[in-house]
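**Student:** Chain by chain, the residues:
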Amino acid sequence: DSGVTQTPKHLITATGQRVTLRCSPRSGDLSVYWYQQSLDQGLQFLIQYYNGEERAKGNILERFSAQQFPDLHSELNLSSLELGDSALYFCASSVGTRETQYFGPGTRLLVL
Amino acid sequence: SQQGEEDPQALSIQEGENATMNCSYKTSINNLQWYRQNSGRGLVHLILIRSNEREKHSGRLRVTLDTSKKSSSLLITASRAADTASYFCATVSGAGSARQLTFGSGTQLTVLP
Numbered sequence: 001d002s003g004v005t006q007t008p009k010h011l012i013t014a015t016g017q018r019v020t021l022r023c024s025p026r027s028g029d030l031s032v033y034w035y036q037q038s039l040d041q042g043l044q045f046l047i048q049y050y051n052g053e054e055r056a057k058g059n060i061l062e063r064f065s066a067q068q069f070p071d072l073h074s075e076l077n078l079s080s081l082e083l084g085d086s087a088l089y090f091c092a093s094s095v096g097t098r099e100t101q102y103f104g105p106g107t108r109l110l111v112l
Numbered sequence: 001s002q003q004g005e006e007d008p009q010a011l012s013i014q015e016g017e018n019a020t021m022n023c024s025y026k027t028s029i030n031n032l033q034w035y036r037q038n039s040g041r042g043l044v045h046l047i048l049i050r051s052n053e054r055e056k057h058s059g060r061l062r063v064t065l066d067t068s069k070k071s072s073s074l075l076i077t078a079s080r081a082a083d084t085a086s087y088f089c090a091t092v093s094g095a096g097s098a099r100q101l102t103f104g105s106g107t108q109l110t111v112l113p
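Chains as they are written, first to last, in my numbering: chain A, 1 to 112; chain B, 1 to 113.
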């Protein structure tokens with residue numbers, strides 16, 4: 001158990017809908033990262049927050065947004081969902097300047 | 001886009017044998033990490049090697065890094081059926097608190113009992 005929690009575990013929704021994925025980092029970790037894992041794209045970095053502020057952006061679509069709250073939990077919002085958004089979405093956390101990231105169990109999103 | 005490319009894509013060995021996976025990357029890095037993922041589960045950090053290190057050991061794991069060739073290898077000795085998983089290398093770039101992992105495509109290791 002990494003100490004990172006993600007909810008929900010599974011999510012099934014329809015195209016055009018909007019969903020919110022939630023992540024709670026390990027106690028004391030200030031950085032939260034979001035990744036998408038799909039069969040065709042592999043593991044892709046989406047976005048990083050550090051102590052409430054956006055710090056790095058990867059291959060995140062404009063339909064996707066994220067935020068980190070004062071209690072350091074983070075939410076990833078996916079809107080106008082398309083079939084191709086079906087994937088595993090992972091959250092990871094780390095102490096601000098440490099390199100090792102600890103991954104949550106993921107949220108499996110299925111868009112029908 | 002993928003920074004690292006693992007080789008081979010899939011590897012099947014007998015229990016007790018050694019497994020070697022290779023990773024190549026394209027840009028300069030701060031460090032390189034190896035992660036393991038059991039089917040459909042989260043990633044587990046295995047080992048980190050910094051750009052100024054050449055070799056590192058952790059239990060049955062041995063990692064090498066050749067920055068001149070932009071490549072790394074992960075050796076798992078005396079493999080067990082429980083080692084069956086996907087293994088990913090990830091390079092770290094960025095400075096300060098803005099660090100991101102860029103993952104390779106992974107090697108699927110199957111250890112047969």
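Think of the hints as simulated: they come from the structure by calculation, not from any bench.
A virtual CB, placed ideally from N, CA and C, is assigned to each residue, including glycine.
Hints are not guaranteed to be accurate.
[As the list claims (entries may be wrong)] Now the in silico label distances, taken between C-beta atoms and shown as ranges:
id: 1; chain 1: A; residue 1: T5; chain 2: B; residue 2: A10; range: 38 to 44 angstroms
id: 2; chain 1: A; residue 1: G52; chain 2: B; residue 2: Q14; range: 33 to 39 angstroms
id: 3; chain 1: B; residue 1: G16; chain 2: A; residue 2: T13; range: 28 to 34 angstroms
id: 4; chain 1: B; residue 1: E55; chain 2: A; residue 2: L110; range: 39 to 45 angstroms
id: 5; chain 1: B; residue 1: L75; chain 2: A; residue 2: T15; range: 18 to 24 angstroms
id: 6; chain 1: B; residue 1: Q14; chain 2: A; residue 2: Q17; range: 45 to 51 angstroms
id: 7; chain 1: B; residue 1: R60; chain 2: A; residue 2: N59; range: 41 to 47 angstroms
id: 8; chain 1: A; residue 1: S79; chain 2: B; residue 2: L75; range: 41 to 47 angstroms
id: 9; chain 1: A; residue 1: T20; chain 2: B; residue 2: T27; range: 47 to 53 angstroms
id: 10; chain 1: A; residue 1: V95; chain 2: B; residue 2: A78; range: 39 to 45 angstroms
**Student:** Taking the hints in turn, state whether each one holds.
**Tutor:** Here is how each hint holds up against the structure:
Taking the beta carbon of each, T5 of chain A and A10 of chain B are about 32 angstroms apart, not inside 38 to 44 angstroms as hinted. Between G52 of chain A and Q14 of chain B the Cβ separation comes to about 50 angstroms, which falls outside the hinted range of 33 to 39 angstroms. For the hinted restraint 28 to 34 angstroms between G16 of chain B and T13 of chain A, the CB-CB distance of approximately 46 angstroms leaves it violated. Remark: the range hint 39 to 45 angstroms for E55 of chain B to L110 of chain A is upheld by a beta-carbon distance near 43 angstroms.
Distance hint for L75 of chain B and T15 of chain A: a CB-CB separation of about 45 angstroms, inconsistent with the stated range 18 to 24 angstroms. For Q14 of chain B paired with Q17 of chain A, a C-beta distance near 47 angstroms keeps the hint of 45 to 51 angstroms intact. Between R60 of chain B and N59 of chain A the Cβ separation comes to about 34 angstroms, which falls outside the hinted range of 41 to 47 angstroms. Checked against the given bound of 41 to 47 angstroms, the beta carbons of S79 of chain A and L75 of chain B, roughly 44 angstroms apart, stay inside it.
Between T20 of chain A and T27 of chain B the beta carbons are some 34 angstroms apart, a value that contradicts the proposed interval 47 to 53 angstroms. A C-beta distance of roughly 33 angstroms is found between V95 of chain A and A78 of chain B, which places it outside the suggested range of 39 to 45 angstroms.
The structure does not agree with the numbered hints 1, 2, 3, 5, 7, 9, 10 stated previously, though it agrees with the rest.
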